[in-house]
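Chemist: So you can see what is in the structure, the chains are spelled out below.
Protein chains: 2
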Amino acid sequence: MSKRITIKDVAEDTGLSIAAVSYVLNDKEGVRPETRELVLSAVERLGYVPNYTARGLASHKSRLIGVCSPQTEPGSKLMFDNPFYSKLFSSIEYECRQEGYHVIVSGTDADESFLKLAQQRSLDGMIIVGSYSKEFYSDLKKANMPVVLVDTYQNPERFHEVKVDDRRGGHMATKYLIDRGHRDIAFISGALREQGVTQLRFDGYRQALEESGIAYQKRLVFPGVVSFESGLDCAAKALDQSSEITAMFCTADIIAMGAMKQVLQRGLKIPQDISIMGFDNLNLAEYTSPSITTVAQDIEMKGKLAVEIILEDIDNRISEPRCIELPLKIIERESIRRL
Amino acid sequence: MSKRITIKDVAEDTGLSIAAVSYVLNDKEGVRPETRELVLSAVERLGYVPNYTARGLASHKSRLIGVCSPQTEPGSKLMFDNPFYSKLFSSIEYECRQEGYHVIVSGTDADESFLKLAQQRSLDGMIIVGSYSKEFYSDLKKANMPVVLVDTYQNPERFHEVKVDDRRGGHMATKYLIDRGHRDIAFISGALREQGVTQLRFDGYRQALEESGIAYQKRLVFPGVVSFESGLDCAAKALDQSSEITAMFCTADIIAMGAMKQVLQRGLKIPQDISIMGFDNLNLAEYTSPSITTVAQDIEMKGKLAVEIILEDIDNRISEPRCIELPLKIIERESIRRL
Chain A
1 MSKRITIKDV AEDTGLSIAA VSYVLNDKEG VRPETRELVL SAVERLGYVP
51 NYTARGLASH KSRLIGVCSP QTEPGSKLMF DNPFYSKLFS SIEYECRQEG
101 YHVIVSGTDA DESFLKLAQQ RSLDGMIIVG SYSKEFYSDL KKANMPVVLV
151 DTYQNPERFH EVKVDDRRGG HMATKYLIDR GHRDIAFISG ALREQGVTQL
201 RFDGYRQALE ESGIAYQKRL VFPGVVSFES GLDCAAKALD QSSEITAMFC
251 TADIIAMGAM KQVLQRGLKI PQDISIMGFD NLNLAEYTSP SITTVAQDIE
301 MKGKLAVEII LEDIDNRISE PRCIELPLKI IERESIRRL
Chain B
1001 MSKRITIKDV AEDTGLSIAA VSYVLNDKEG VRPETRELVL SAVERLGYVP
1051 NYTARGLASH KSRLIGVCSP QTEPGSKLMF DNPFYSKLFS SIEYECRQEG
1101 YHVIVSGTDA DESFLKLAQQ RSLDGMIIVG SYSKEFYSDL KKANMPVVLV
1151 DTYQNPERFH EVKVDDRRGG HMATKYLIDR GHRDIAFISG ALREQGVTQL
1201 RFDGYRQALE ESGIAYQKRL VFPGVVSFES GLDCAAKALD QSSEITAMFC
1251 TADIIAMGAM KQVLQRGLKI PQDISIMGFD NLNLAEYTSP SITTVAQDIE
1301 MKGKLAVEII LEDIDNRISE PRCIELPLKI IERESIRRL
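Those protein sequence lines, which keep their order, are chains A and B. All residue numbers for the first sequence refer to the working numbering, where the first residue is 1 and numbers rise by one. All residue numbers for the second sequence refer to the working numbering, where the first residue is 1001 and numbers rise by one.
No lab work stands behind these hints, which were simulated from the structure alone. Keep in mind that a hint or two might mislead.
Unchecked claim - These stretches of chain A come out as covered by chain B in the derived footprint (C-beta under 8 Å, 3 or more residues):
1. 116–126
2. 254–265
Said to hold, decoys possible - Calculated cross-link-like contacts (lysine-lysine; reagent style DSS-like; alpha-carbon spacing at most 27 Å):
3. B:Lys1008 to A:Lys116
4. B:Lys1116 to A:Lys8
5. A:Lys116 to B:Lys1028
6. A:Lys141 to B:Lys1008
7. B:Lys1269 to B:Lys1218
8. A:Lys142 to B:Lys1008
9. A:Lys28 to B:Lys1116
10. A:Lys116 to A:Lys142
11. A:Lys116 to B:Lys1061
12. A:Lys8 to B:Lys1141
13. B:Lys1116 to A:Lys61
14. A:Lys61 to A:Lys304
15. B:Lys1061 to A:Lys8
16. B:Lys1269 to A:Lys269
17. B:Lys1008 to A:Lys61
18. B:Lys1061 to B:Lys1141
19. B:Lys1304 to B:Lys1163
20. B:Lys1304 to A:Lys116
21. A:Lys61 to B:Lys1061
Cβ atoms here follow ideal geometry from the backbone N, Cα and C, with glycine treated the same way.
Chain A on its own, in the form it takes in the complex (with noise of 0.2 Å):
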């Protein structure tokens, strides 16, 4: 390796002490402006960078902030066979470089390994996406260390929350479809698991159903998982056992994805005989033809507020647990029709 410029360099080339150097390009506070200057004009002149790994031990402070995004859906090995995840982390990884942080994903299959790699990598924060046990969160809490969570209600430890308010996505989508004269809809979603997402989704469909006085029927539920392939048969399901189905609301639009190749294959007309509601907006609901109509998250904004609070925690700028709701929208394109 060409040779390394190192804080020596600069402490030699400045006259002033390694202490001193270090103490200028930690921001510390007291510096006098000549000094800083000095200092900062040796760095730009050498092209002296910072060793994290060095830095780290001293300052306690490594500028890597950890997301943990899980592997719940079983069979998937890879972290971003859902675009959501991809878009998510994507948001995250462009907030963390603007403000000089970096960030180390983890697809951990187990709690236990991302509490290991917080201690491991010295994190400075964690985002922690999804719904994980009760003793995960109380071993978070032990690790000491600002926390935000994505889109979860399990959350004992009154860790800062980023969500959206997936009751009442789940309530506007049915509504949506009642409204148009729907009564007959298919809930097609991921897992049921009490105080997740999906269980949420599913409350605000019931809740929506009842209000119409439309009877709910357990029968039109296919929980399945969030993939395409779930979509694909639980949308096969749907339409083998129940013919009078005339809508379908997908708690994702990777899900609905699946349902439409499912109806498309069979003959039938998107949204002629069967119309198609989906959930989260992700790039594909455009792509698709015809295009699907859904429920917006503002999946980039997300990321974006998940980053400013763990960076404001970090900073001790927050005495208290945050708590950020996103507003949810119904985005009206080609896959649902008035009967």
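Based on the hints, put chain B in the right spot on chain A.
Modeler: Using the frame of chain A, we list chain B on its own:
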């Protein structure tokens, strides 16, 4: 934070010196089996997790791999707008995780910032996706660290490479269409850059036309960027300009999705009116209706091999630069018909 177990605790517990414990943990030779067992059982019992930040300084190993994936497409600030990158990255992350490495990914905007990242984080190795300037490669060489290039044809410094034969891919795709009776084949692509992947696919396209005695027509070539929107626009131009086009060879599935949307929006049918050939075999190619016939590259394998090579190099098990070329094949789906 609850008291963290350190190497000192392991030393006290075993009655060994810190140096001796470190010796075992760093897997050095010449350790007696009894000593090794003593240390490892204490590590497990006490729940000691090595801190890579501290360890990195001592061993000069960070167990961190950097992945550089550029925003080559103007206007796209997020890394994973093209699912090709999210799939490749997912695979790299998965393989690294299995081997006890973590991944820092950076969607650098400038060449320089990634080299800075490598120094700041004391990366053990770098996986570089895409093509860069000559200066970037020579700077990379100076960093004197294991590097694997993915999908580039510029390799003046003889780094390891993993790629596909893009010229052959372009040839295969075009020949497949010609064999099915197509002669007026639009070429819809990303930017044509010298030594870039797209340029080579274009060369293959021209060669296949020539071999079949079909005159190359510049007006059937529509370079844009690698995105859905660009596919939509370029296909519009193609359809507006040449009514004789019967097929479109799109050099990426994400472009093919845009082209499909344009064709279907105009009331034309795929493949009855226009045949579409994609490239990459993203999951998406299967999700659309009709599904997309495409030149398949094994993106997961590309990531896996890049990781295998970099880890071998880190462990000094490679002496010569490796160049691996993965096979391509056409996956037949529903978007192409025989004339």
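Chemist: Does each hint hold? Answer for all of them.
Modeler: Comparing the hints with the structure gives:
Figure legend: the region 116–126 of chain A, annotated as covered by chain B; annotation consistent (6 residues with Cβ-Cβ distances under 8 Å, at least 3 required). Only residues whose C-beta sits within less than 8 Å of a C-beta in chain B count toward coverage, and the region 254–265 of chain A has 6 of them, enough to reach three; the restraint holds. The suggested pairing of B:Lys1008 with A:Lys116 holds, with an alpha-carbon distance near 18 Å, which does not exceed 27 Å. Distance check on the hinted pair: B:Lys1116 and A:Lys8 sit about 18 Å apart at the alpha-carbon level, within 27 Å; holds.
Restraint check: the Cα-Cα separation between A:Lys116 and B:Lys1028 comes to about 23 Å, which is no more than 27 Å; the hinted pair holds. Restraint check: the Cα-Cα separation between A:Lys141 and B:Lys1008 comes to about 25 Å, which is no more than 27 Å; the hinted pair holds. Taking the CA atoms of B:Lys1269 and B:Lys1218, the gap is about 25 Å. The hint holds against a cut of 27 Å. Between A:Lys142 and B:Lys1008 the alpha-carbon distance is near 21 Å, which keeps this suggested pair within the 27 Å criterion.
Taking the CA atoms of A:Lys28 and B:Lys1116, the gap is about 23 Å. The hint holds against a cut of 27 Å. A C-alpha spacing of about 12 Å is found between A:Lys116 and A:Lys142, which places the hinted pair at or below 27 Å, so the restraint holds. Annotation: proposed proximity of A:Lys116 to B:Lys1061 holds, straight-line Cα distance about 18 Å (limit 27 Å). For the hint linking A:Lys8 to B:Lys1141, the alpha-carbon distance of about 25 Å falls within 27 Å, and the restraint holds.
Proximity of B:Lys1116 to A:Lys61 is assessed by CA-CA distance (about 18 Å); at most 27 Å being required, the pair is judged to hold. Taken as a hint, the A:Lys61 and A:Lys304 pair is honoured in the structure, with Cα atoms around 21 Å apart against an allowance of 27 Å. Of the supplied pair hints, the one linking B:Lys1061 and A:Lys8 holds, its CA atoms being roughly 22 Å apart against a limit of 27 Å. Proposed proximity of B:Lys1269 and A:Lys269 is supported: the alpha carbons are some 15 Å apart, at most 27 Å.
This hinted pair checks out: B:Lys1008 and A:Lys61 have alpha carbons roughly 22 Å apart, not beyond 27 Å. The suggested pairing of B:Lys1061 with B:Lys1141 holds, with an alpha-carbon distance near 19 Å, which does not exceed 27 Å. At most 27 Å may separate the alpha-carbon atoms for a hinted pair to count; B:Lys1304 and B:Lys1163 meet this at roughly 12 Å. In summary, the hint linking B:Lys1304 to A:Lys116 is supported, as the alpha carbons are separated by about 24 Å, within the 27 Å threshold.
Proposed proximity of A:Lys61 and B:Lys1061 is supported: the alpha carbons are some 19 Å apart, at most 27 Å.
In this structure, none of the earlier numbered hints is contradicted; all agree with it.
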